[in-house]
Amino acid sequence: MRWLRRSRRAFASFGVSMLNRVGLIVRGLAAVLLVLGSAQAAAAEEKRLPVPAVSIRAGELIRDDMITERAFAPNLLGVAMFVEARQILVGRMARRALLPGQPIPTNSVEDPWTVARGAMVKVVVEDSGLSIVTYGSAMQSGAAGALIPVRNTDTGVIIRGVVQPDGTVKVVDGS
686 MRWLRRSRRA FASFGVSMLN RVGLIVRGLA AVLLVLGSAQ AAAAEEKRLP
736 VPAVSIRAGE LIRDDMITER AFAPNLLGVA MFVEARQILV GRMARRALLP
786 GQPIPTNSVE DPWTVARGAM VKVVVEDSGL SIVTYGSAMQ SGAAGALIPV
836 RNTDTGVIIR GVVQPDGTVK VVDGS
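686 is the number of the first residue of the sequence shown in this note's numbering; add one for each residue after it.
Keep in mind the hints are simulated off the structure, nothing from the lab.
Each hint should be verified, as a subset may be incorrect.
[Said to hold, decoys possible] Derived DMTMM-like pairs (lysine to aspartate or glutamate); straight-line CA-CA distance at most 25 Å:
no. : residue 1 : residue 2
1   : Lys732    : Glu795
2   : Lys732    : Asp750
3   : Lys807    : Asp851
4   : Lys855    : Glu769
5   : Lys807    : Asp796
6   : Lys855    : Glu811
7   : Lys807    : Asp839
8   : Lys855    : Asp796
9   : Lys732    : Glu769
10  : Lys855    : Asp839
11  : Lys855    : Asp812
12  : Lys807    : Glu754
13  : Lys807    : Glu795
14  : Lys732    : Asp749
15  : Lys732    : Glu754
[To be verified] What follows is a set of in silico ranges between Cβ atoms, one per label pair, in the way DEER data are often shown:
no. : residue 1 : residue 2 : range
16  : Pro790    : Leu832    : 18 to 26 Å
17  : Gly830    : Ala738    : 25 to 33 Å
18  : Ala738    : Thr838    : 37 to 45 Å
19  : Gly814    : Thr838    : 20 to 28 Å
20  : Gly763    : Arg742    : 32 to 40 Å
21  : Asp858    : Ala743    : 27 to 35 Å
On a predicted model such as this, the values are computed, not experimentally measured, just so you know.
C-beta atoms are modelled at their ideal positions from N, C-alpha and C, and glycine is treated no differently.
Please take these sequences and the hints and turn them into a complete structure.
So this is what it looks like as structure tokens:
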């Protein structure tokens, strides 16, 4: 009888320890599946952005070989607006220094300048079929379509005009 009681206790303790082991194994597998699932979800959510492969100085034109891509977790990017396509960058000019491996804010690049500060530019004033052409000194750099101040070299008067694609400055009304 004693033997039977010991056997039952041993069997009962064996059953409990076996259940504990099975429970641990099941919990371990569940944890592994959870980690794998979250890793796959994180990989699916990561964003690939173009980043500089080398340091790009302010005023430097961006070439294709200066850009590479890097994956970022969405929570690392925050709410800032970054350039999301390589073709947006190539041929544009850096407004500030861009560091390798860092995402590029949208306001850090601009179209290359058509007119440089201090350059002599042709100034055109058109009104009612009348066209007056003179020359002036650009007081600010600007790309085509930018409104810049220009100092008339003859009179010293500062006027404002829109930079044209050919590099001339067309005076706007009221200047």
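Each hint, compared with the structure:
1. Lys732 - Glu795: Roughly 23 Å between the alpha carbons, so the hint for Lys732 and Glu795 holds.
2. Lys732 - Asp750: Holds - the C-alpha atoms of Asp750 and Lys732 are around 21 Å apart, at most 25 Å.
3. Lys807 - Asp851: Within the cut-off at roughly 10 Å; holds.
4. Lys855 - Glu769: violated (34 Å)
5. Lys807 - Asp796: Holds: Lys807 and Asp796 sit about 21 Å apart, inside 25 Å.
6. Lys855 - Glu811: With a Cα-Cα distance of about 8 Å, the restraint between Lys855 and Glu811 holds, given a limit of 25 Å.
7. Lys807 - Asp839: The hint holds at about 13 Å.
8. Lys855 - Asp796: Cα-Cα ~19 Å, so holds.
9. Lys732 - Glu769: Holds, because 9 Å separates the two Cα atoms, which is no more than 25 Å.
10. Lys855 - Asp839: holds (17 Å)
11. Lys855 - Asp812: The given pair, whose Cα atoms are some 11 Å apart, holds under the 25 Å limit.
12. Lys807 - Glu754: violated (42 Å)
13. Lys807 - Glu795: The hint holds at about 23 Å.
14. Lys732 - Asp749: holds (20 Å)
15. Lys732 - Glu754: holds (10 Å)
16. Pro790 - Leu832: 18 to 26 Å: holds (23 Å)
17. Gly830 - Ala738: 25 to 33 Å: holds (30 Å)
18. Ala738 - Thr838: 37 to 45 Å: holds (43 Å)
19. Gly814 - Thr838: 20 to 28 Å: Holds, since Gly814 and Thr838 (Cβ atoms, about 25 Å apart) stay within the stated range.
20. Gly763 - Arg742: 32 to 40 Å: violated (26 Å)
21. Asp858 - Ala743: 27 to 35 Å: With Cβ atoms ~33 Å apart, the hint holds.
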